[in-house]
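Position chain B against the provided structure of chain A, taking the given hints into account.
Chains as they are written, first to last, in our numbering: chain A, 1 to 391; chain B, 1001 to 1434.
Do not take every clue at face value.
Pair by pair, the computed Cβ-Cβ distance ranges are [unchecked claim]:
hint	chain 1	residue 1	chain 2	residue 2	range
1	A	V5	B	E1065	53 to 61 Å
2	B	E1160	A	I335	41 to 49 Å
3	A	R26	B	N1319	50 to 58 Å
4	B	K1408	A	R26	23 to 31 Å
5	B	F1021	A	A220	28 to 36 Å
Because the hints were derived from the structure by calculation, they are not lab data.
Only a predicted model underlies this, so the values are computations on that prediction, with no experimental measurement involved.
All C-beta atoms, glycine included, are put in the ideal place defined by N, C-alpha and C.
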Amino acid sequence: MWIAVSINILTLCFYKYTGFFFEMIRLFTDLPLSSNLPSLPLGVSFFTFTGISYILDVYNNIEEHERNLITFSAYMAMFPKLLQGPITRYKQVRTELQQPRYLPEGILVGARRFIAGLAKKVLLADSLGVATTKIFNADISALGADLAWFGLIAYTLQIYLDFSGYTDMAIGLGKIFGFTLPENFNFPYISKSISEFWRRWHMTLTAWFRTYLFLPLEFARKKNKYLRQQSNLLIVFLLTGLWHGASWNFVVWGIYFGLILALEASGINKLIKKLPILVQHFYTLVLVMIGWVFFRLVDIQDWGLFFKALLGHNGISGITTFRSLNIIYYIPFIIPSGVLCFPLLNKFKDKIERNSGIWLMLLDIFYLCLFIFTLTYILAKGFNAFMYAQF
Amino acid sequence: MSTNLKQYINKLYRWVLVLFFVIVFAVPIFWLTRGKSTAEVSVIEARTLAAMPAKSFPNLKLGLELIKQGELFEGAKIFYGLLTNSSFVQKVENATSDQFPLRMPAIAFSKAIDRSIVNFAYSFTADEITPADVTTNIYYDRKDQQLIFSPSIFDENEKEQIDLRISNYQEIIETYPEMSFYLFYHQTLRYSPHHPLNDIFENADKGQALTYFEKSIPLGLAFEKFVLANYEDHLKYYYRTDHHWNIYGILKAYDKIYDLISKDYVNISPKQQYKKIVSFPEIEYLGNNARQTFYPIKGDLFEVAQFDLASYKLVEDGNEVDFDRTEKYISGNYSKIKYTDHYNAYYGDVPAGLIEYTFDNVSERNLLLFGSSYSAPLQPLLASHYKQTFCVDLRYYTNFSMSEFISKHDIDDVLIIGDNPVAFQDVEYWLITP
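If we strip away everything but chain A, and leave its shape as in the complex, we get (with noise of 0.2 Å):
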């Protein structure tokens, strides 16, 4: 298992922090090392932890073993989720790989969902995702509050909208062949603390790390009593931050919510909880705004100055800034890209499935328009890589 387990670390070290290792040893040393590396393969992050996850399932006999290679590489190299997740356990697909089913309605709730996701990554996400690199690629020392703020507002929906987008385009596919892949996520902006946020957020990510690191990590403290939970949230978020990426910012990121998730898990949480909701809402979408500056801005120089440019520091930028950047046409997009990060439209969309009759077949025909619609966006300005692949 050990062994097994140990190709599958060493490959996503050696494609992915191989180049963050040499820098930190160029740092303390004057080695001569390599900055010719290997290119990153693209979803090498999830398709090992994939891997991971099926050895340590079928060695706690959680699963059996699967005997025919073909199934075991349909499930391994799964493309709609291969790039970008979700991170799927063998368990949950095991049965529709060894029994394929296509169903009709299948083939249509799929295709319904996988034109959904397109829509939010093509119209919302890459025209959001235009205006944050005007923002972020600008002078941050000379940055207005407003600027500031509608970048990270603009930032904030653009990884949303184009991470489930995605996802929502590889359970429509994984519908449309047959396959039920777990969800990834489930409203995350609508979170009321930081741990409600973890576990809407990248869903499938969390309880992998909640499985197979947390849990024993858990369970040896019963046995060690010089841990405690809070430090291994704390280990726990130090990794998730790693696996989205080998430098400094994404450590950082990482720490920042293990230390958030522990001061809730001291007791904070039931604090919070006795606040008036909306506040609860406040508290917990702020922290998350907090985290995607350290996320967004690699260059941790940045980091002050654009804290300082949220809190006034620079005064307000002011609306000729927003038109020499070209801003004012994208302000539009944060209206429904903000709508889809509630439950509403989803709720109205369900009932209608539920009830089939003209409704639904108004809704196809929408589908069917946005599916155009999307293509003629995609036909005009290309279509942009999605920001996860890089993980």
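Same frame as chain A, now just chain B:
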């Protein structure tokens, strides 16, 4: 709702699903049924569309062959390259996009939606000039109904580039003291102090690049400029839908250049006088800015000047050609396709590195002319005063070397015609290798 109606609707919406897959598979079916894909030219975009890459997979075959021969490591290297090199995928993606059925109407539709969002977003402001679309830096001026580029930026980087160009001019002039060097600069709106968006764009050029250059004009470089005295000048001398100058700008530039070169060139033949200005009212000229944005704007009136030039031979990149489109245009023999680039079609539509004019005249002087598409309409007029004129566009004549060139051709005068990038600001293309 009755059961029959429900069943009918359920049947009907299955067709929606069918339609979805028809759209998804339209592109591969289109490719398979149309046979071999060939490179097509898009008139609107003025470029050759990407074709599907050849499906011969030579590297795959080579890799397999090497493995068969026992060269496992070499074979594996090729397979690794195939996996990590995404060039084939990129070619397929580009071709998928370029060959997509109804691509241009789809792009036009997408841009129309973009415009609606722009109009909505800017409806909360009192702006008269708003982005024409969001993928370019072209703006629409509602008051004067024209499409203009946003102002160019002037900063330390631009200063460095100008310094480099000045040094380059000095080097060339010192290396070839027997030649006369002339620079004719014309100011376009984006570099002008009269751009209506100058106040919005921090670091807008506002003529600063010109001022900076003028402070250090190299000795031996005769300089003349055609600057915009006000915004009306721009409207008068340049197209509303294109970045190029119109016939009035061209004629004014010719006058100024003639005056510039005639100071040293004492025996120059008389200035060419145009017989008449010919208008083509049936052409609604939608220039580059309209083409890029698909902005629903009224086209420009396309006008040209008719001259009585002596006969001449024209060689373009080694091939004898005919650029005189006057008769063709007058007889109505021109492209009727909307968005045709009439400026380039009329004045010479093939991007060429070297164009050689040999005039049937008594002149004994030869001219080397550096310029972009702005110089195209001026080339025959200026060439008529010389025996031979060599027009070089350094964007296409990438390995140009002055020493090599003059070893093959006798050059007396060197003239550079252009706006900021060509005249003194761009160092990517317009540095002259001595």
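Each hint, compared with the structure:
{"no.": "1", "hint": "A/V5 to B/E1065: 53 to 61 Å", "verdict": "37 Å, violated"}
{"no.": "2", "hint": "B/E1160 to A/I335: 41 to 49 Å", "verdict": "43 Å, holds"}
{"no.": "3", "hint": "A/R26 to B/N1319: 50 to 58 Å", "verdict": "55 Å, holds"}
{"no.": "4", "hint": "B/K1408 to A/R26: 23 to 31 Å", "verdict": "52 Å, violated"}
{"no.": "5", "hint": "B/F1021 to A/A220: 28 to 36 Å", "verdict": "52 Å, violated"}
Violated hints for the displayed structure, listed by number in ascending order: 1, 4 and 5.
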